[in-house]
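Engineer: Sequence:
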Amino acid sequence: MVIEEILEQKKKFEKVLSKYGVKELEKIERKIERGELSEYPTYEGFLSVFALRSSIITILGSVEYGKESDQL
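Under this note's numbering, residue 76 is the last one in the sequence shown; the count climbs by one each step, no gaps.
Source of the hints: derived by calculation from the structure; they are not laboratory data.
Any given hint could be a false lead.
[Claimed, not checked] Here are the simulated lysine to aspartate or glutamate pairs, EDC-like style, with alpha carbons at most 20 Å apart:
#1 K19 - E9
#2 K23 - E33
#3 K16 - E37
#4 K27 - E37
#5 K27 - E48
#6 K27 - E12
#7 K31 - E9
#8 K31 - E43
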């Protein structure tokens with residue numbers, strides 16, 4: 005179940021990155037700063053990818069925490 009959730013979040017993450025022609029979150033922001041992408045609605049896409057990445061990190065952290073608590 006956790007793996008499915010991570011994979012779903014990762015697909016959404018990659019879809020947004022692909023939409024803006026980048027492979028890393030930070031490159032969306034750089035393209036906005038250089039004027040290669042309009043600030044609106046691109047910045048909203050940037051924020052959604054940031055939230056997805058945070059969600060994935062949180063999920064992975066809870067899985068890791070679960071492993072550690074099993075060892076206690």
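Engineer: Work down the list of hints and note, for each, if the structure agrees.
Structural biologist: Taking the hints in turn, this is what the structure says about them:
no.	hint	result
1	K19 - E9	holds (15 Å)
2	K23 - E33	holds (14 Å)
3	K16 - E37	violated (24 Å)
4	K27 - E37	holds (17 Å)
5	K27 - E48	holds (17 Å)
6	K27 - E12	holds (17 Å)
7	K31 - E9	violated (25 Å)
8	K31 - E43	holds (13 Å)
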